[in-house]
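Asks: Same order as they appear, the protein sequences are chains A and B.
In this text, residue positions in the first sequence follow this note's numbering: the first is 1, and each later residue adds one.
In this text, residue positions in the second sequence follow this note's numbering: the first is 1, and each later residue adds one.
Everything labelled a hint here was simulated from the structure, so no lab data went into it.
Owing to the predicted nature of the structure, the values given are computational and were not obtained by experimental measurement.
Among the clues, some could well be false.
[Claimed, not checked] DSS-like cross-link-like pairs, simulated, lysine-lysine; straight-line CA separation at most 30 Å:
| hint | chain 1 | residue 1 | chain 2 | residue 2 |
| --- | --- | --- | --- | --- |
| 1 | A | K5 | A | K251 |
| 2 | B | K103 | A | K72 |
| 3 | A | K165 | A | K201 |
| 4 | A | K5 | A | K279 |
| 5 | A | K43 | B | K106 |
| 6 | B | K257 | B | K298 |
| 7 | A | K43 | B | K284 |
| 8 | B | K216 | B | K292 |
| 9 | A | K165 | A | K72 |
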Amino acid sequence: MSKRKQIAIYGKGGIGKSTTTSNLSAALSDIGYSVMQVGCDPKNDSTNSLRGGKPIPTVMDTLRSGSNDFEKVIHEGYNGILCVEAGGPEPGVGCAGRGIIAAIELLDNNGIIDDYDPDIVIYDVLGDVVCGGFAIPIRQGLAEQIYTVTSSDYMAIYAVNNLFKGILKYSGSGGGLLGGIIGNSIKSLAEKEMIEDFSHKTDSEVIQYVPRSPTVTKCELEGKTTIEGDPDSEQAEVYRELARKVINNQKKFIPKPFDADDLNNWGSTWVSRILLHQKTSSQGIQDDGSGV
Amino acid sequence: MSYNDNGEVKNKNNPKEDFSSHELGKDHVEAPKYSCALGGAYGTALGVYGLVPLLHAGLGCGLGQLFGQLYAGGQNAGGPVGGTSTATTGLVEEHVIFGGEDKLRKLINASNEVYEGDGFVVISGCIPALIGDDVDAVIREYQNDIPIFHINAPGFNGNSYEGYELFFEALIDQILTPLPTKKGVVNILGVVPYQHIFWKGELLTIKKLLENIGLKPNIIFTEANGFEKLKNLPAAEYNIVLSTWNGHRTAKKLEEKFGIPSITFPSVPLGPKQTSHFLRTVGKKLDISPDKVENFIKEEERRSYRFIEYSGDALLIVRPHSYFAVVADSNTAIAINKFLVNEMGYLPDIIQLTDNPPEEYREEIIKALSEDLTSTIKPEVVFEVDSHLAREKLKDRPFQFLFASSIEANSAPELGALHVTVAFPSYNRIVLTDSYAGYDGGLRLIEDYISTFAGPL
Chain A
1 MSKRKQIAIY GKGGIGKSTT TSNLSAALSD IGYSVMQVGC DPKNDSTNSL RGGKPIPTVM
61 DTLRSGSNDF EKVIHEGYNG ILCVEAGGPE PGVGCAGRGI IAAIELLDNN GIIDDYDPDI
121 VIYDVLGDVV CGGFAIPIRQ GLAEQIYTVT SSDYMAIYAV NNLFKGILKY SGSGGGLLGG
181 IIGNSIKSLA EKEMIEDFSH KTDSEVIQYV PRSPTVTKCE LEGKTTIEGD PDSEQAEVYR
241 ELARKVINNQ KKFIPKPFDA DDLNNWGSTW VSRILLHQKT SSQGIQDDGS GV
Chain B
1 MSYNDNGEVK NKNNPKEDFS SHELGKDHVE APKYSCALGG AYGTALGVYG LVPLLHAGLG
61 CGLGQLFGQL YAGGQNAGGP VGGTSTATTG LVEEHVIFGG EDKLRKLINA SNEVYEGDGF
121 VVISGCIPAL IGDDVDAVIR EYQNDIPIFH INAPGFNGNS YEGYELFFEA LIDQILTPLP
181 TKKGVVNILG VVPYQHIFWK GELLTIKKLL ENIGLKPNII FTEANGFEKL KNLPAAEYNI
241 VLSTWNGHRT AKKLEEKFGI PSITFPSVPL GPKQTSHFLR TVGKKLDISP DKVENFIKEE
301 ERRSYRFIEY SGDALLIVRP HSYFAVVADS NTAIAINKFL VNEMGYLPDI IQLTDNPPEE
361 YREEIIKALS EDLTSTIKPE VVFEVDSHLA REKLKDRPFQ FLFASSIEAN SAPELGALHV
421 TVAFPSYNRI VLTDSYAGYD GGLRLIEDYI STFAGPL
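Okay, chain A solo, but in the shape it has when bound (with noise of 0.2 Å):
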């Protein structure tokens, strides 16, 4: 491969982020790409589930150590895939986001990422951009295409449309752009159709669809990835197709947010909707036409 792809992959926190970031790099992995994910979260959890589990040292806690010596940082996971994570601190004091700046800085500074030269390099970011410091991997083109992974919850869509207005507000300076939504725990076509809206509303595209399914957190539960835990199953085919279709996607939305009271509505159509397909399903009644 001879250009590098970076992006990075927002969304709100427990929405699925960084399994669906895992598995991402698992089926990348596993189709050929030398990939790198980097955790842009204090809580620096993000490739667990690349490396059974286990929790690797960050590159703040290099910094706080005292040492220069970031190599020490990169640690390889499941197929050989370079597992880094920024860090913070402990939750309630310092500042997180200068911990998100810090550690890219260092990791772009020393050439550490041109060193391992992967295909790929995927920031896995936390939830909302709520400062600077979480827009970074956006601005200044850092990576080139955001993903931004939802689930039919409003307030996963609304952290969605809050990330398009930082990918909007950095367009014009050379920031990343927006490559497609992903969207996760799907359960009904009710909540697919939701987030498609959602799509066409913004100038925006779905790249795919994950279904809800059990054997995402048993694999989880193991330390594994779907890919690697369970690599025959439907759930692994699904990110595997999203793989593909990453890295086929050329496609850079400057997406167009809606503003809040107009999200607020749109939001409130859509979630009486669901309710009324849920209410419809588990008591048996049909969910379309004259027949309630």
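Knowing the structure of chain A, use the given hints to seat chain B on it.
Replies: What follows is chain B alone, placed relative to chain A:
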């Protein structure tokens, strides 16, 4: 860069075509004449002898204040616990990310071993405020063992004058407890150490003046047992506030918490008229025998007017009824303006105020500058924090004397004016005990400005 008719900068990047420099949120200010909130709190702490300031701030903040607050405040060094002798956590990236609380604990432990002080004050700057260090919790760990309090003074919170108020607000909240009122004790507020460059001389003069009419003023600063003086604030009968706006928040808080009422003057009194008015007002409020006050006033006025006469020939023959301009903080400008107009027969041209007072005080300041003047000519009053714009506004005006900061000193010759440094920053004038306060203060001002044209042989 281009300018509008008022000499204000037009900024092509600013959608608002013209903008006034005293508006909050202005794009830029050139050489404002104050430091930040941390600088003000730090300077105030250094004025309290026996109190040891510890800076919980970014690396370089302390040294920046040495140049920007202390040297600028009349070429004064920081003293035994100031300047390069001030201990600081010197926060760097590691502390930004992981928090600076542990570093602060180490600093307090070490300082407690090294310094011989009556008390400590931790002044927190921008970094702890931005990253959310729980400094108050750290301070609480020590409060049973050592006298210590905490001022949360991130620089971005405001300027040096704000830092002065933050100092006292923190002190009142954390250290002071009610005391029985002591007859005749008055707290002196409104003079900001280093920021008002004559603070030492002014406070000592006020102390002597009030002692002469039988009062026991607590001037806090420059006193040998400063930390005790701080703790005695609640014992006062009155607060005397010598500013249209500095010290007002402190006085209000002392009133709310300890029931101490305040007497307010627009400035430290300068020259016989202002000083006599000051003494009469205070004497009346505090039930001092009018005879005692009047006898003192009579003696002092006799002496000072007799002395002023010595300058009479130089004044009347060479520069009578001259126009003058002022570029200074409100306190200084008000005192000088009144003295020169009402006692020297001079004419006020333009007065530019550099201390950025809050909007709600500005009307009062304009009144103090333009009312009760014996001259029919009133000064043009401008609030201007930008030194470049202030200089532009001095062009093509009739004034012969310019009472300003050292920043204006170099512009004075091209403006055709004689310059006296009377305000912050004062890099070209070292101020130890000088001041224009009281009866002798009028004489001192005359000495200073007549000396600019007297001679050379």
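Asks: For each hint, tell me whether it holds in the structure or not.
Replies: Here is how each hint holds up against the structure:
1. With a C-alpha separation of about 13 Å, the suggested pairing of A:K5 with A:K251 holds against the 30 Å cut-off.
2. A threshold of 30 Å between alpha carbons decides the hint, and for B:K103 with A:K72 the separation of about 26 Å falls inside it, so the pair holds.
3. For a cut-off of 30 Å, the pair hint linking A:K165 to A:K201 stands: about 14 Å separates their Cα positions.
4. Note on A:K5 and A:K279: the hinted pairing is violated, with a Cα-Cα distance of about 44 Å set against a maximum of 30 Å.
5. Our distance criterion of 30 Å between C-alpha atoms is met by A:K43 and B:K106, whose separation comes to about 27 Å.
6. Distance restraint check for B:K257 and B:K298: the Cα-Cα separation of roughly 38 Å exceeds the 30 Å cut-off, and the hinted pair is therefore not satisfied.
7. At roughly 67 Å between alpha-carbon atoms, A:K43 and B:K284 are farther apart than 30 Å, so this suggested pair is violated.
8. Between B:K216 and B:K292 the alpha-carbon distance is near 15 Å, which keeps this suggested pair within the 30 Å criterion.
9. Distance restraint check for A:K165 and A:K72: the Cα-Cα separation of roughly 36 Å exceeds the 30 Å cut-off, and the hinted pair is therefore not satisfied.
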